[in-house]
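Novice: Sequence:
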Amino acid sequence: MERPLILISNDDGIESPGIHRLVDYVKDFGEVWVVAPEHPHSGQSSAMTVNSPLRIIQKPDYNTAKMFAVTGTPVDCVKLSYHRILPRIPNIMLCGINHGSNAGNSIIYSGTMGAVMEATTIGIPSVGYSLLSHSPSADFSETERFIKLITSRVLEKGLPKGICLNVNFPAKVHIEGMKVVRAAESHWTEEFQEFLDPHGKPFYWLKGSIINEEPDAVDTDLYWLDRNYATVVPARVSQNALDHLDSTADLLK
1 MERPLILISN DDGIESPGIH RLVDYVKDFG EVWVVAPEHP HSGQSSAMTV
51 NSPLRIIQKP DYNTAKMFAV TGTPVDCVKL SYHRILPRIP NIMLCGINHG
101 SNAGNSIIYS GTMGAVMEAT TIGIPSVGYS LLSHSPSADF SETERFIKLI
151 TSRVLEKGLP KGICLNVNFP AKVHIEGMKV VRAAESHWTE EFQEFLDPHG
201 KPFYWLKGSI INEEPDAVDT DLYWLDRNYA TVVPARVSQN ALDHLDSTAD
251 LLK
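Here the sequence shown stands for residues 1 to 253, where the numbers follow my numbering.
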């Protein structure tokens with residue numbers, strides 16, 4: 001019998017420590033193929049390449065996993081995996097381990113979750129894993145037991161059609177446990193810091209922080225991440241606001 005085929009991607013790039021730790025944690029569950037961007041593509045959501053050629057670069061295997069870099073976005077990686085790289089349809093798609101949070105409303109911008117959503121649209125059970133640390137030397141060891149549990153359960157039981165999982169882990173702490181919750185209502189305080197290049201011309205760098213609009217809501221990811229718990233948010237690919245069909249029809253009468 002064939003072992004389950006596990007597709008892994010990310011938005012931090014093929015060389016990121018997080019993707020290598022994810023391979024380490026799940027390699028015993030099946031045959032692992034990694035298809036990830038050649039360079040980082042954070043914050044690109046579901047962007048895909050339409051006006052430039054894409055190239056596939058095979059890399060040396062890592063810890064039994066096949067490794068491929070793609071000169072494109074995380075969504076490009078999923079599409080090329082499905083149509084050109086993988087020997088068969090994967091049993092599961094995992095993305096991460098992302099360096100940085102994808103909690104709250106960050107799922108809207110996340111290249112990690114963009115890849116997860118893309119895989120979900122073609123019927124592959126998919127999970128995104130993120131650690132709340134941007135450090136290249138981040139310690140992922142606390143995430144291992146949760147990643148193994150979630151991955152094994154999704155491999156065994158699958159996920160409902162159109163549903164994926166957005167999993168976030170607190171960093172630099174002992175993780176107390178895991179909560180299945182909703183994403184907190186939140187927004188980013190976006191700021192653009194101005195710098196001058198060597199020619200005296202200004203350029204701008206995006207910065208900011210996430211604001212939890214409901215800090216006392218005990219059923220949200222941001223609440224439990226602040227209390228050192230891993231969070232699992234079931235997310236839906238469909239963005240239809242079915243509960244507003246009638247009100248929209250009334251508006252347009």
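FYI, nobody ran anything at the bench for these hints, they're computed from the structure.
Incorrect hints may appear among the rest.
[Said to hold, decoys possible] Capping the alpha-carbon separation at 30 Å, the derived lysine-lysine pairs in DSBU-like fashion look like this:
#1 Lys201 x Lys172
#2 Lys27 x Lys201
#3 Lys207 x Lys253
#4 Lys148 x Lys59
#5 Lys66 x Lys207
#6 Lys148 x Lys172
#7 Lys59 x Lys207
#8 Lys179 x Lys148
#9 Lys27 x Lys179
#10 Lys179 x Lys201
[To be verified] If you anchor each label on the Cβ, the simulated ranges turn out as follows:
#11 Pro4 x Gly200: 28 to 38 Å
#12 Asp243 x Val173: 32 to 42 Å
#13 Ala241 x Pro60: 22 to 32 Å
#14 Lys157 x Ser52: 32 to 42 Å
#15 Glu2 x Ser52: 28 to 38 Å
#16 Pro87 x Gly208: 36 to 46 Å
#17 Arg55 x Ser238: 47 to 57 Å
#18 Ala249 x Arg55: 15 to 25 Å
#19 Pro60 x Pro87: 15 to 25 Å
#20 Lys253 x Gln193: 23 to 33 Å
#21 His134 x Gly177: 19 to 29 Å
Here a beta-carbon is modelled for each residue, glycine too, at the ideal position from N, C-alpha and C.
Novice: For each hint, tell me whether it holds in the structure or not.
Specialist: Verification of the supplied hints:
A threshold of 30 Å between alpha carbons decides the hint, and for Lys201 with Lys172 the separation of about 39 Å lies outside it, so the pair is violated. Restraint check for Lys27 and Lys201: the C-alpha separation of about 49 Å exceeds 30 Å, so the hint is violated. Taking the CA atoms of Lys207 and Lys253, the gap is near 43 Å; set against the 30 Å cutoff, the hint is violated. As the CA atoms of Lys148 and Lys59 are separated by approximately 25 Å, the hinted pair is consistent with the 30 Å bound.
For the suggested pair Lys66 and Lys207, the alpha carbons sit about 36 Å apart, so the restraint of at most 30 Å is broken. For the hint pairing Lys148 with Lys172, the CA-to-CA distance comes to about 20 Å; that is within 30 Å, so the pair holds. Proximity of Lys59 to Lys207 is assessed by CA-CA distance (about 33 Å); at most 30 Å being required, the pair is judged violated. Simply put, Lys179 and Lys148 have alpha-carbon atoms about 16 Å apart, close enough for the 30 Å limit, and the pair holds.
With a CA separation close to 25 Å, the supplied pair Lys27 and Lys179 stays within the 30 Å bound. The suggested pairing of Lys179 with Lys201 is violated, with an alpha-carbon distance near 48 Å, which exceeds 30 Å. Range check, Pro4 to Gly200: about 57 Å between beta-carbon atoms, so the 28 to 38 Å window is missed. Asp243 and Val173 have their C-beta atoms about 38 Å apart, which keeps the hinted 32 to 42 Å range intact.
As the Cβ distance of Ala241 to Pro60 is approximately 47 Å, the hint placing it in 22 to 32 Å is violated. Taking 32 to 42 Å as the suggested C-beta distance range, the pair Lys157 and Ser52 conforms, at roughly 39 Å. Roughly 35 Å separates the CB atoms of Glu2 and Ser52, a value that falls within the hinted 28 to 38 Å. Here the CB-CB span from Pro87 to Gly208 is close to 43 Å, well matched to the stated 36 to 46 Å.
Against the hinted window of 47 to 57 Å, the Cβ-Cβ separation of Arg55 and Ser238 comes to about 33 Å, which falls outside the hint. A hinted range of 15 to 25 Å is violated for the C-beta pair Ala249 and Arg55, which are about 48 Å apart. Remark: the range hint 15 to 25 Å for Pro60 to Pro87 is upheld by a beta-carbon distance near 19 Å. Against the hinted window of 23 to 33 Å, the Cβ-Cβ separation of Lys253 and Gln193 comes to about 47 Å, which falls outside the hint.
Between His134 and Gly177 the Cβ separation comes to about 24 Å, which falls inside the hinted range of 19 to 29 Å.
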